[in-house]
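Given the coordinates of chain A, assemble chain B onto it according to the supplied hints.
Now for the letters of each chain:
Number of protein chains: 2
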Amino acid sequence: ELVDAVNQLFVEPKLQGQHWVVTAGPTQEAIDPVRYISNHSSGKMGYAIAQAAASLGAKVSLISGPTKLEAPSGCKRISVTSAQDMHQLAMELAPNADVFIACAAVADYRVAQVAEQKIKKHEDAMQINLVKNPDIVADVAALNENRPFTVGFAAETQDVEHYAKGKLQKKKLNLIAANNVAVQGQGFNSDDNALTLYSADETIPLSLATKVELAQQLVKIISDKVSDQK
Amino acid sequence: ELVDAVNQLFVEPKLQGQHWVVTAGPTQEAIDPVRYISNHSSGKMGYAIAQAAASLGAKVSLISGPTKLEAPSGCKRISVTSAQDMHQLAMELAPNADVFIACAAVADYRVAQVAEQKIKKHEDAMQINLVKNPDIVADVAALNENRPFTVGFAAETQDVEHYAKGKLQKKKLNLIAANNVAVQGQGFNSDDNALTLYSADETIPLSLATKVELAQQLVKIISDKVSDQK
Numbered sequence: 061e062l063v064d065a066v067n068q069l070f071v072e073p074k075l076q077g078q079h080w081v082v083t084a085g086p087t088q089e090a091i092d093p094v095r096y097i098s099n100h101s102s103g104k105m106g107y108a109i110a111q112a113a114a115s116l117g118a119k120v121s122l123i124s125g126p127t128k129l130e131a132p133s134g135c136k137r138i139s140v141t142s143a144q145d146m147h148q149l150a151m152e153l154a155p156n157a158d159v160f161i162a163c164a165a166v167a168d169y170r171v172a173q174v175a176e177q178k179i180k181k182h183e184d185a186m187q188i189n190l191v192k193n194p195d196i197v198a199d200v201a202a203l204n205e206n207r208p209f210t211v212g213f214a215a216e217t218q219d220v221e222h223y224a225k226g227k228l229q230k231k232k233l234n235l236i237a238a239n240n241v242a243v244q245g246q247g248f249n250s251d252d253n254a255l256t257l258y259s260a261d262e263t264i265p266l267s268l269a270t271k272v273e274l275a276q277q278l279v280k281i282i283s284d285k286v287s288d289q290k
Numbered sequence: 061e062l063v064d065a066v067n068q069l070f071v072e073p074k075l076q077g078q079h080w081v082v083t084a085g086p087t088q089e090a091i092d093p094v095r096y097i098s099n100h101s102s103g104k105m106g107y108a109i110a111q112a113a114a115s116l117g118a119k120v121s122l123i124s125g126p127t128k129l130e131a132p133s134g135c136k137r138i139s140v141t142s143a144q145d146m147h148q149l150a151m152e153l154a155p156n157a158d159v160f161i162a163c164a165a166v167a168d169y170r171v172a173q174v175a176e177q178k179i180k181k182h183e184d185a186m187q188i189n190l191v192k193n194p195d196i197v198a199d200v201a202a203l204n205e206n207r208p209f210t211v212g213f214a215a216e217t218q219d220v221e222h223y224a225k226g227k228l229q230k231k232k233l234n235l236i237a238a239n240n241v242a243v244q245g246q247g248f249n250s251d252d253n254a255l256t257l258y259s260a261d262e263t264i265p266l267s268l269a270t271k272v273e274l275a276q277q278l279v280k281i282i283s284d285k286v287s288d289q290k
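Taken in sequence, the protein lines are chains A and B.
For reference, each letter of the first sequence is one residue, going 61 to 290 in our numbering.
For reference, each letter of the second sequence is one residue, going 61 to 290 in our numbering.
There's no promise every hint is true.
[Unchecked claim] Footprint (simulated), chain A over chain B, 3 or more residues, beta carbon under 8 Å: (1) 120-133; (2) 214-221.
[Said to hold, decoys possible] Just the calculated beta-carbon pair ranges, DEER-fashion: (3) 152(A) / 175(B): 31 to 41 Å; (4) 180(A) / 260(B): 19 to 29 Å; (5) 272(B) / 155(A): 43 to 53 Å; (6) 175(B) / 173(A): 15 to 25 Å; (7) 273(A) / 229(B): 56 to 66 Å; (8) 272(B) / 174(A): 31 to 41 Å; (9) 287(A) / 244(B): 23 to 33 Å; (10) 218(A) / 280(B): 50 to 60 Å.
Treat the hints as calculated values from the structure; they're not laboratory data.
From a predicted model like this one, the values you see are computed outputs, not experimental measurements.
The beta carbon of each residue, even a glycine, is placed where N, CA and C say it ideally should be.
Pulled out of the complex, with its shape left as it was, chain A reads as follows (with noise of 0.2 Å):
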């Protein structure tokens, strides 16, 4: 053990001088100037990942949504709020990454038109117009030049499996990592989580483990892959 230990002190981190940018968290659509539109991603699962790319030796930029979290050691965090500033830095940001990995729970559509003052409004109903946000995972996914190991995450609430396939193979990713976020106990806002990754030609099932436990598997599964291409 202490022959491992020391011999572990003199091993090249295994990511050392590799790029990996992390999405995180939720986005906020603006409504007007205090109402917005969000979600219940807490970005732990993304945090967790980018903090464990880090260990591992990686520079790892976090694009972060507003989150209650603080930044993990070791990473540089971006923050943004809305999902057409998550794709701007993305799309900056990915042509230099070897690794992308979509965390973030973005918008798929954000307020058409949002409003300059507090919508005053006195009807018993109303209507809030939404126009579709960009994709930014199937956007770095398509990058002709310097295209990164590109990963997705599917969180859904039924028929995961078929959800997510689409998605790997419409969004021409490498990975997919999907969850059910119907069950209680995983998912979002909650500590724990349990994964089923899908690829073009595998399906690797993560069973039930924290956040923190499921990020490091995920991360030395996608450093294989990628020491796989290269």
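Just chain B now, kept in the frame of chain A:
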């Protein structure tokens, strides 16, 4: 000074025997199991008011939407999510209260039909249909029996005095506390605030201060007005 301090020990707390109900924080209106509409209220002002009333000896029920804050000492906090939940609880507690302070930033509208599964939409645009939520402070102020002294808040981004006085009259409040949330460094998510209080015959400006200080001033003014009524 020693005499003052000793006297203080034997003086009955000013609000002993009174029950104050305070609402605080935002509400969250579900769109589907993962998405929601909310607002930038931090809950700090309402929590500071609850704390200030409790420290003067009142029994305080704090009805709180989702916030990051610790429950203030000496208060009973009851956590709610939606405006409908907050309304139900307020209507149960208000008839037994001496004072009702509606500091929460309650969503004016909720989603007409909350989806049971995560919404799958592939269109470039979509709409969210909203219906009006009950007006909590107006319903409390309209109580025929056991009506508490009722205080509202108006967070505005323009024409603050106009809207605040309109709400005071229309909702038949005893007092309204107005602030301009468009000013940087006060209001939503800030530790500081500035308020203007309007009653039927008075305008009382409370200049920029910490929310804790403002809450103490506000509680003192309300308790004096309640004493005058008796």
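Legend entry - Broken hints, by number: 1, 9
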